[in-house]
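Make the full structure from the sequences, and use the hints.
So you can see what is in the structure, the chains are spelled out below.
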Amino acid sequence: MDIRLENIKKKYKDKEVLNVKNLTIKKNIITGILGPNGSGKTTMMKIIGNLIRPDTGKVEYDGKNFESISDRLTYVSHNSYLFNESVYQNIAAPLIFRDMDKEYIKNKVEELIKDFQIDYIKNENALTLSGGEKQKVSLARALTFNPEVLLVDEPTSNIDPNFIKLIENILKKINNDLKTTVVIVTHNTAQSFRLCQEIIFIKDGKILKHTSTNNLLKSKDEFIKEFVKLN
Amino acid sequence: MEYILEGVEGAFKLIFSFDRQIYSIVLLSIYVSFASTIISSLIGVPLGLITGIKEFKGKRFLSKIYYTFMGLPPVVVGLVTVLIISRSGPLGSVGLIYTPTAMIIAQSLLVTPIVTGIVFTNSRDAGREIIEICKTLGANKKHTFFKLIKELKPLILVATVTGFGRAISEVGAVMIVGGNIKGHTRVMTTFIAMSNSMGNYDTSIAMGIILLTISFVSNSFLFNRTMGDSNGYKIRKY
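As they're listed, the protein sequences go chains A and B. In terms of the numbering used here, the first sequence is residues 1 to 231. In terms of the numbering used here, the second sequence is residues 232 to 469.
It is possible that some hints are incorrect.
Claimed, not checked - DSS-like mimics (lysine-lysine), calculated; alpha carbons at most 25 Å apart, straight line:
| hint | chain 1 | residue 1 | chain 2 | residue 2 |
| --- | --- | --- | --- | --- |
| 1 | B | LYS288 | A | LYS9 |
| 2 | B | LYS295 | A | LYS13 |
| 3 | A | LYS106 | B | LYS373 |
| 4 | B | LYS373 | A | LYS102 |
| 5 | A | LYS58 | A | LYS13 |
| 6 | B | LYS290 | A | LYS13 |
Don't read these hints as lab results, they were simulated from the structure.
So this is what it looks like as structure tokens:
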């Protein structure tokens with residue numbers, strides 16, 4: 001689904017952290033939100049995910065408000081809260097919330113455990129896992145109910161280099177096969193180029209550029225050029 | 232030194248003599264402390280959870296009130312309770328003064344802020360995070376509520392057992408409102424204070440040992456329920 005932000009403003013105390021006049025995130029593609037630390041990327045994602053209320057403006061999802069699409073969108077942060085129970089139960093949680101059939105839950109959870117190569121920890125308590133394992137579990141959990149929109153904040157920040165490709169392939173696969181609209185926040189320019197069709201570049205809470213990935217490389221903005229070069 | 236050893240020896244003799252008076256004091260202590268902890272938890276847990284998780288104006292001020300009340304001097308609580316329930320007080324006609332009920336009221340006044348404060352402090356960050364993740368995973372209000380209770384169970388237990396520990400070791404307030412009447416309102420702590428002032432060290436030590444044992448048992452229960460194993464993963468660190 002298309003996500004449209006209109007006149008979004010957000011302040012923390014007296015500091016304005018986000019000011020977006022008009023932005024449309026296209027459906028069925030992977031969009032990256034790129035920018036330096038403190039530029040407002042996570043705030044924007046949380047506003048899209050309805051976890052933070054903006055001071056002004058509105059967000060529309062295919063022209064509808066959040067309430068009517070809330071169970072078709074999910075947000076995963078790099079340090080998402082995991083429940084004090086096994087990895088299996090954590091991944092099954094969204095399906096239990098939806099009162100799904102036990103057999104379906106079992107099959108779906110087993111499938112995701114296999115996709116994320118976390119079979120060896122499926123009976124472990126989620127709180128005992130390493131940062132990278134926790135990140136895989138929280139991403140797997142978010143995919144159990146096949147969301148139409150997946151918002152991922154730093155999807156591979158704690159993941160070993162040899163597993164980064166696995167996560168990226170999963171994100172590409174769900175986008176290709178299920179036409180999931182994926183929005184990722186990342187510092188990693190190379191990753192955004194590998195994954196995303198479009199990039200939104202943010203600095204100081206404002207959008208500097210919203211363009212296709214290839215066009216970002218051609219940007220004449222000095223800050224973007226330097227950022228892309230260094231990352 | 233000798234009188235201490237004699238006291239310890241006498242204490243063990245007294246414990247294993249199964250003296251009816253001693254054990255009735257122990258049972259009354261457990262009853263009063265248990266009842267006040269239940270009352271305090273029924274008030275303090277929901278109050279701490281709601282005020283901890285919800286954002287509202289005056290929350291900082293409220294937290295200062297909680298912390299102040301967590302350190303209430305027991306004698307002051309005893310005095311306030313006496314003023315309310317004494318014959319000339321507003322609830323004087325009910326006839327609660329020098330009864331176990333009066334002791335339960337005084338202990339509840341002392342323990343409720345402790346339970347509320349602990350739950351409030353710990354649910355501020357954790358509770359909000361649990362509600363947020365439930366929202367992103369499509370949980371309805373019922374599922375979110377049960378997840379919240381399940382996830383915060385170790386912290387609720389910590390608050391409750393801390394409250395029980397405070398109640399069973401309390402002496403000032405129960406002495407004032409209960410009056411330490413033999414066979415009626417005498418509990419372990421008031422008995423220890425009285426025996427000590429009379430020079431009966433063996434009975435004081437015996438009661439002290441029983442008090443410590445109860446404390447050890449309740450804390451062991453807490454440890455097993457919250458820590459689980461040596462990894463200690465059941466309590467999330469914030």
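We went through each hint and held it up to the structure:
1. In summary, the hint linking LYS288/B to LYS9/A is supported, as the alpha carbons are separated by about 22 Å, within the 25 Å threshold.
2. The straight-line distance between the Cα atoms of LYS295/B and LYS13/A is roughly 22 Å, inside the 25 Å bound, and the hint therefore holds.
3. Taking the CA atoms of LYS106/A and LYS373/B, the gap is about 23 Å. The hint holds against a cut of 25 Å.
4. For a cut-off of 25 Å, the pair hint linking LYS373/B to LYS102/A stands: about 19 Å separates their Cα positions.
5. For the suggested pair LYS58/A and LYS13/A, the alpha carbons sit about 20 Å apart, so the restraint of at most 25 Å is met.
6. Taken as a hint, the LYS290/B and LYS13/A pair is honoured in the structure, with Cα atoms around 16 Å apart against an allowance of 25 Å.
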